[in-house]
Structure formats: C-alpha cells, structure tokens
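Colleague: With the sequences and hints as input, model every part of the structure.
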Amino acid sequence: ETGVTQSPTHLIKTRGQQVTLRCSSQSGHNTVSWYQQALGQGPQFIFQYYREEENGRGNFPPRFSGLQFPNYSSELNVNALELDDSALYLCASSNQQGLYGYTFGSGTRLTVV
Amino acid sequence: TQLLEQSPQFLSIQEGENLTVYCNSSSVFSSLQWYRQEPGEGPVLLVTVVTGGEVKKLKRLTFQFGDARKDSSLHITAAQPGDTGLYLCAGVNQAGTALIFGKGTTLSVSS
Numbered sequence: 001e002t003g004v005t006q007s008p009t010h011l012i013k014t015r016g017q018q019v020t021l022r023c024s025s026q027s028g029h030n031t032v033s034w035y036q037q038a039l040g041q042g043p044q045f046i047f048q049y050y051r052e053e054e055n056g057r058g059n060f061p062p063r064f065s066g067l068q069f070p071n072y073s074s075e076l077n078v079n080a081l082e083l084d085d086s087a088l089y090l091c092a093s094s095n096q097q098g099l100y101g102y103t104f105g106s107g108t109r110l111t112v113v
Numbered sequence: 001t002q003l004l005e006q007s008p009q010f011l012s013i014q015e016g017e018n019l020t021v022y023c024n025s026s027s028v029f030s031s032l033q034w035y036r037q038e039p040g041e042g043p044v045l046l047v048t049v050v051t052g053g054e055v056k057k058l059k060r061l062t063f064q065f066g067d068a069r070k071d072s073s074l075h076i077t078a079a080q081p082g083d084t085g086l087y088l089c090a091g092v093n094q095a096g097t098a099l100i101f102g103k104g105t106t107l108s109v110s111s
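Keeping their order, the protein sequence lines are chains U and R.
The opening residue of the first sequence carries number 1 in this note's numbering; numbering runs sequentially from there.
The opening residue of the second sequence carries number 1 in this note's numbering; numbering runs sequentially from there.
Note that these hints are calculated values from the structure, not bench results.
Ideal Cβ positions, reconstructed from N, Cα and C, are used throughout, including at glycine.
Any given hint might turn out to be false.
[To be verified] A short, non-exhaustive set of chain R residues, derived as facing chain U with CB atoms under 8 Å:
no.	residue
1	E41
2	T48
3	L88
4	V92
5	T97
6	L99
7	F101
8	T106
[To be verified] If you want the ones that stay clear, here's a sample from chain U, every Cβ over 12 Å from chain R, calculated:
no.	residue
9	F64
10	E82
11	L83
Modeller: In structure tokens:
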C-alpha cells in the first residue's frame, strides 16, 4: 500500500503571494489533516477534512484554507503569504478520524522571502 | 484550546542510560499517540494508547496512558545512539476532529 505523498517538496515564495500544497492520502484513508511545523518544534494543527468536509480547525487565520477531493486527496491553500508562514507543512491521513494513528507525508518546506 | 505539555524539551544522555518523557494535559483525549521524527521526514507513529491505564511495550520502549486519559509517558530502557531523534506525543480530541501535538522532546544519545 502506498503512503502519503506531498508535493512539492520545497517551495520559495514572495511575501503577499499565494501558494497551493498538495497531498495524496494513503489508500483506504478518508481523513486528511494538515500541520505547520517550525524547526525543532511539534507540529501545529491547521485543519482536518473527513469525507470532503472540514470537521476541525486549529488557531490559524482564514487565509489558510483547504479542500478534500472525492479520492480523499487534499490541498492546502495559503493566501497573502507572510514571512512567518515559512515552515514545514505536513499532511497526514487516517481512517476512523485518526483514533488509532496517522500516516504522515515527508512535508513541503515553504520559504517566504 | 486543548494543550499537551511535553517534558523535557531536550535530553542528552549516554548510551545505556534510561529515560522518561512526560506528556500532560488538563483535557481528556480519545487516544494518545507517540511519534518519532527524523530530520527532513514526517513523524512516524510508534504507538497508540486508547484505554485509561493502558501500557504498551515496543522492544525497549514502554508507553503508558494515564487512568484519566489526560497524560502519558514514554520510558526508554538502555538507550542506544539509534534512539536519537525528536519524540512527539499527540492526542486526538474527544470529538475526533483534531490531533494536538506537544512541543516535542529532542533526544540525543551518545556512545
């Protein structure tokens, strides 16, 4: 079975621009969640999608938005990029809404200059 | 807002020593998960505990979930250099709508 795949692996954007990050969930998983991780810190929960509906959101502003598609893949969109948005963005998928654990992708390293 | 306090933040020990990492909260979680993360990679699930008081063992690693499902611990026996990495605890909220992480414990084991 395939794991979680994220693209791109690295990205450099200019402040004020918009970015879309993509995630293919593990086969059989219907839940996808996104996280922002600063170096050496724990991931911070952005939001979660369950069967194409956002069912949970962390303390992130509305310029962070997402989608989950019928095949359970997902996108994270960030508008009006700020320098502080520079981080590793992780996607994770699960079934049963993550009760028994998530499978994480390797992340997208976003640098905002 | 649910928070998970993880301690210690940094741990540097010699090969063969034992260590314990703690994860505490004032909130109840549906499950508590422990992950290990290597540089440049995503977290990898080590174990999930669901039942209050549950104890799970994975070779030299012992995981415990508190009776009230608010706290957890990870104990490593006879640490080895290969145990070096970032250890993360994370809890699933009771609604099943979020996975909340602690800040992590960076473990360095030297030979």
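Colleague: Against each hint, give a clear statement of whether it holds in the structure.
Modeller: Hint check:
A hinted interface residue such as R/E41 counts as satisfied when its beta carbon comes closer than 8 Å to some beta carbon of chain U; here the least separation is about 5 Å, so the hint holds. Given the 8 Å rule on beta carbons, the hint for R/T48 holds: about 5 Å separates it from the nearest Cβ of chain U. At a threshold of 8 Å, the smallest CB-CB gap from R/L88 to chain U is about 5 Å, leaving the interface hint in force. Because the smallest distance between the Cβ of R/V92 and any Cβ of chain U comes to about 5 Å, under 8 Å, the interface hint for this residue holds.
The beta carbon of R/T97 is positioned within 8 Å of a beta carbon in chain U (closest approach about 3 Å), and the interface hint is therefore held. For the restraint placing R/L99 at the interface with chain U, the shortest Cβ-Cβ distance is roughly 6 Å, inside the 8 Å limit, so the hint holds. Restraint check, R/F101 versus chain U: the minimum CB separation of about 4 Å is within 8 Å; hint holds. The criterion of a C-beta within 8 Å of any C-beta in chain U is met by R/T106, whose closest approach is roughly 6 Å, and the hint holds.
Consistency note on U/F64: stated as away from chain R, and its beta-carbon is indeed over 12 Å from all of that chain's, at 14 Å minimum. With a cut of 12 Å on Cβ distances, U/E82 stays outside the contact zone with chain R, its closest approach being about 22 Å. U/L83, annotated as away from the interface, keeps every beta carbon of chain R farther than 12 Å; the closest lies near 22 Å.
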